[in-house]
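Peer 1: Single-letter residue listing:
2 protein chains.
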Amino acid sequence: MFKVTVVGSGNWGSVAAKLIASNTIRLASFHDEVRMWVFEEKLPSGEKLTDVINKTNENVKYLPGIKLGKNVVADPELENAVKDANMLVFVTPHQFMEGICKRLAGKIRSDTEGISLIKGMEVKKEGPTMISTLITKQLGINCSVLMGANIANEIALEKFSEATVGYNQNKLAAERWVELFNTPYFNVTAVEDVEGVELCGTLKNVVAIAAGFVDGLEMGNNTKAAIMRIGLKEMRAFSKMWFPSVKDNTFFESCGVADLITTCMGGRNRKVADAYARNGGKRPFDELEAEMLQGQKLQGVLTAQEVHEVLSHRGWLHMFPLFSAVHAISTGRLPPSAIVKISDLKPRHGQLQSML
Amino acid sequence: MFKVTVVGSGNWGSVAAKLIASNTIRLASFHDEVRMWVFEEKLPSGEKLTDVINKTNENVKYLPGIKLGKNVVADPELENAVKDANMLVFVTPHQFMEGICKRLAGKIRSDTEGISLIKGMEVKKEGPTMISTLITKQLGINCSVLMGANIANEIALEKFSEATVGYNQNKLAAERWVELFNTPYFNVTAVEDVEGVELCGTLKNVVAIAAGFVDGLEMGNNTKAAIMRIGLKEMRAFSKMWFPSVKDNTFFESCGVADLITTCMGGRNRKVADAYARNGGKRPFDELEAEMLQGQKLQGVLTAQEVHEVLSHRGWLHMFPLFSAVHAISTGRLPPSAIVKISDLKPRHGQLQSML
Numbered sequence: 146m147f148k149v150t151v152v153g154s155g156n157w158g159s160v161a162a163k164l165i166a167s168n169t170i171r172l173a174s175f176h177d178e179v180r181m182w183v184f185e186e187k188l189p190s191g192e193k194l195t196d197v198i199n200k201t202n203e204n205v206k207y208l209p210g211i212k213l214g215k216n217v218v219a220d221p222e223l224e225n226a227v228k229d230a231n232m233l234v235f236v237t238p239h240q241f242m243e244g245i246c247k248r249l250a251g252k253i254r255s256d257t258e259g260i261s262l263i264k265g266m267e268v269k270k271e272g273p274t275m276i277s278t279l280i281t282k283q284l285g286i287n288c289s290v291l292m293g294a295n296i297a298n299e300i301a302l303e304k305f306s307e308a309t310v311g312y313n314q315n316k317l318a319a320e321r322w323v324e325l326f327n328t329p330y331f332n333v334t335a336v337e338d339v340e341g342v343e344l345c346g347t348l349k350n351v352v353a354i355a356a357g358f359v360d361g362l363e364m365g366n367n368t369k370a371a372i373m374r375i376g377l378k379e380m381r382a383f384s385k386m387w388f389p390s391v392k393d394n395t396f397f398e399s400c401g402v403a404d405l406i407t408t409c410m411g412g413r414n415r416k417v418a419d420a421y422a423r424n425g426g427k428r429p430f431d432e433l434e435a436e437m438l439q440g441q442k443l444q445g446v447l448t449a450q451e452v453h454e455v456l457s458h459r460g461w462l463h464m465f466p467l468f469s470a471v472h473a474i475s476t477g478r479l480p481p482s483a484i485v486k487i488s489d490l491k492p493r494h495g496q497l498q499s500m501l
Numbered sequence: 146m147f148k149v150t151v152v153g154s155g156n157w158g159s160v161a162a163k164l165i166a167s168n169t170i171r172l173a174s175f176h177d178e179v180r181m182w183v184f185e186e187k188l189p190s191g192e193k194l195t196d197v198i199n200k201t202n203e204n205v206k207y208l209p210g211i212k213l214g215k216n217v218v219a220d221p222e223l224e225n226a227v228k229d230a231n232m233l234v235f236v237t238p239h240q241f242m243e244g245i246c247k248r249l250a251g252k253i254r255s256d257t258e259g260i261s262l263i264k265g266m267e268v269k270k271e272g273p274t275m276i277s278t279l280i281t282k283q284l285g286i287n288c289s290v291l292m293g294a295n296i297a298n299e300i301a302l303e304k305f306s307e308a309t310v311g312y313n314q315n316k317l318a319a320e321r322w323v324e325l326f327n328t329p330y331f332n333v334t335a336v337e338d339v340e341g342v343e344l345c346g347t348l349k350n351v352v353a354i355a356a357g358f359v360d361g362l363e364m365g366n367n368t369k370a371a372i373m374r375i376g377l378k379e380m381r382a383f384s385k386m387w388f389p390s391v392k393d394n395t396f397f398e399s400c401g402v403a404d405l406i407t408t409c410m411g412g413r414n415r416k417v418a419d420a421y422a423r424n425g426g427k428r429p430f431d432e433l434e435a436e437m438l439q440g441q442k443l444q445g446v447l448t449a450q451e452v453h454e455v456l457s458h459r460g461w462l463h464m465f466p467l468f469s470a471v472h473a474i475s476t477g478r479l480p481p482s483a484i485v486k487i488s489d490l491k492p493r494h495g496q497l498q499s500m501l
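Chains C and G, in that order, are what the protein sequence lines are.
Counting in our numbering, the first sequence runs from 146 upward without gaps.
Counting in our numbering, the second sequence runs from 146 upward without gaps.
Honestly, I wouldn't trust all of these hints.
Identical copies look the same in the list; a pair holds intra-copy or inter-copy alike.
[Stated by the list, open to error] Straight-line alpha carbon distances no greater than 20 Å define the calculated EDC-like cross-link-like pairs of lysine to aspartate or glutamate that follow:
hint : residue 1 : residue 2
1    : K282      : E224
2    : K247      : E320
3    : K148      : E186
4    : K228      : E454
5    : K215      : E267
6    : K486      : E324
7    : K187      : E432
8    : K247      : D177
9    : K212      : E434
10   : K228      : D393
11   : K200      : E454
12   : K486      : E303
13   : K442      : E303
14   : K200      : E178
No lab work stands behind these hints, which were simulated from the structure alone.
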């Protein structure tokens, strides 16, 4: 029997718990109960968030109005929440993961399998640092990932959606994750390409910044589609440069083209970049972020910066005109209109294409 | 020296003539003059359309406000327009092509290369009938295609866009077509996959109908992205079933993912399908088409019908749940909401995936 704990309880974590709980109660091979580790907070009413979740079956703070299922148990003690589990679902802000791994090291069952739903792995000078790799290294467990076109609130309302599990060799574990997440309205497909799936989840945010510039410049659907396509191609080229095992097919999955479409149509990266272009690049990103996102940082701008560093370190910058342009524009070195001057870089872009 | 004639002068044909004329005047290997065959019409002013085009350099009826270039010469006589050319660009409504080919057979230079910009090849019971194949057979010339995310009016305004040339073996000819069409704002890439490129241009309209249903049901960006992704996968599977030479990479080009995005965001197929779903499928497509499109027929509904016939003839219907659903919904056999019940067909969809 498999026992699941969800590590994290934000908007997406709560929706994940709901999806999982609807399956554990239905399937014989899983314990009904799903533990959910909740970073304890006091609500304005004076009550503890965990108490309210356990009383109402609702995460009133991060997913109000949606029943999680009676078999979801909120637990404020991280070590206690995971101690009986052999399937761990990680879905916290990515900056918390290093600390969580340190606290959990040596305290989990040896037969545990992990899965990361965290979008936002870091790209360091030496190359991309995958969160699934961090989890594997620090906890000594196998770790898959689940990514896709997943706007949490739409899935909470049971609107049709898809997701991709990326796994590494252990096909049986991947099939179990698919069983655990898949519902009639949430279709999950597994591909043996953990790096490809995880990189899609991060790099799409850079393309969304580019798409936002096009929107802000009012260039129309044609240009936007072209920029998204070039972005998808650079995502694929970047991923394959670091991990030759990455598969082309991954980019046809939900984590690839579908998540890219969703992120470039809605989402905050697109939105702030749109405002940046409308202001002619005259108001810095920092300022617009503070105004529009209540102090949250834009993932896409940070990732563009990281991608720039790693490409420049390797001397590969010229092969990624779109990624390079996003960084140059977002740091004020080029005007927003430079995003559609990719053609100036065509011979170099051709070089990239010949590598694929 | 190469001499170009554009056969057709509608909205897209006029933009094509403009792109080409800007290059023939610049490049030494082409004659400056570009002939454009115009189906003669009398304008409300009493003047002939060809006379006005030749006087003003503007196609006042189909592309008003845009200068085509002084080296574009409108010619109402088809046979005369093509007689000196050895590069023929076909860009007429597809129902005219059979008649045009019959008129031209035996009357063109033996060293002629053709290219078709016509989206809308037919799928007959025996399989797809490509327009490029029709041209090759009837005129005895090699024929490439050019497709992509190409909203004519946006390209006329010189907004950044891309296109794909699909060619068949003759790489030198393909490079010449790229030279002829490519501009700083219109980036053209050639791929050796004429069938893949041409099928993209047709099948995307079926997916756009599905996307319109999702919009009309107000299912959100997540669901729409999922439906577009499944559509792209079925486009690829369908193409590869008929032409094993079709390449996965083609679907990453402008003719694939980019054209799909443009067509599912704007375009009349999406628009009428949206209205159909909003009316709960209670007003037939014919009626909405007549009301919204002044009697034009929707390409997507026709293609869905043709695709349905050919798949049913071969017994392959169950492998294409999205294509099948579009046909069933547009003919009133299923409600619009069936478009997001693809998951019911998942095992069968899985069968398709295992073929890829």
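Peer 1: Up to 20 Å between alpha-carbons, please classify K228 paired with D393: within, between, both or neither.
Peer 2: neither (38 Å within a copy, 46 Å between copies)
Peer 1: Please work out whether the CA atoms of K228 and E454 approach to 20 Å or closer within one copy, between two copies, in both situations, or in neither?
Peer 2: Classified as neither: same-chain Cα gap 40 Å, cross-chain 57 Å, threshold 20 Å.
Peer 1: Have a look at K486 and E324 and pick one of within, between, both or neither, based on CA distance no larger than 20 Å.
Peer 2: Classified as between: cross-chain Cα gap 18 Å, same-chain 46 Å, threshold 20 Å.
Peer 1: Reference check for the pair K247 and D177, CA-CA at most 20 Å: within, between, both, or neither?
Peer 2: Neither. Shortest intra-copy (28 Å) and inter-copy (71 Å) distances fail the 20 Å Cα cut-off.
Peer 1: At most 20 Å between CA atoms: does that hold for K200 and E454 within a copy, between copies, both, or neither?
Peer 2: neither (48 Å within a copy, 56 Å between copies)
Peer 1: Up to 20 Å between alpha-carbons, please classify K215 paired with E267: within, between, both or neither.
Peer 2: Classified as neither; 36 Å inside a copy, 54 Å across copies.
Peer 1: Is it within a copy, between copies, both, or neither that the alpha carbon of K148 lies no farther than 20 Å from that of E186?
Peer 2: neither (26 Å within a copy, 75 Å between copies)
Peer 1: Using 20 Å as the alpha carbon limit, work out where K282 and E224 are close: within a copy, between copies, both or neither.
Peer 2: Cα proximity of K282 and E224: one copy only (19 Å, versus 73 Å across).
Peer 1: 20 Å Cα cut-off: does K212 pair with E434 within a copy, between copies, both or neither?
Peer 2: Neither: 32 Å inside a chain and 42 Å across chains, both beyond 20 Å.
Peer 1: Quick one: K187 to E432, C-alpha cut-off 20 Å, is that within a copy, between copies, both, or neither?
Peer 2: Close neither inside one copy (30 Å) nor across copies (58 Å); limit 20 Å.
Peer 1: First find the shortest C-alpha distance between K200 and E178 inside one copy, then the shortest across copies, and answer within, between, both or neither for a cut-off of 20 Å.
Peer 2: Close inside one copy (15 Å), not across copies (79 Å); limit 20 Å.
Peer 1: Up to 20 Å between alpha-carbons, please classify K247 paired with E320: within, between, both or neither.
Peer 2: neither (28 Å within a copy, 57 Å between copies)
In summary, the structure is inconsistent with hints 2, 3, 4, 5, 7, 8, 9, 10, 11, 13 from the numbered list given earlier, while agreeing with the others.
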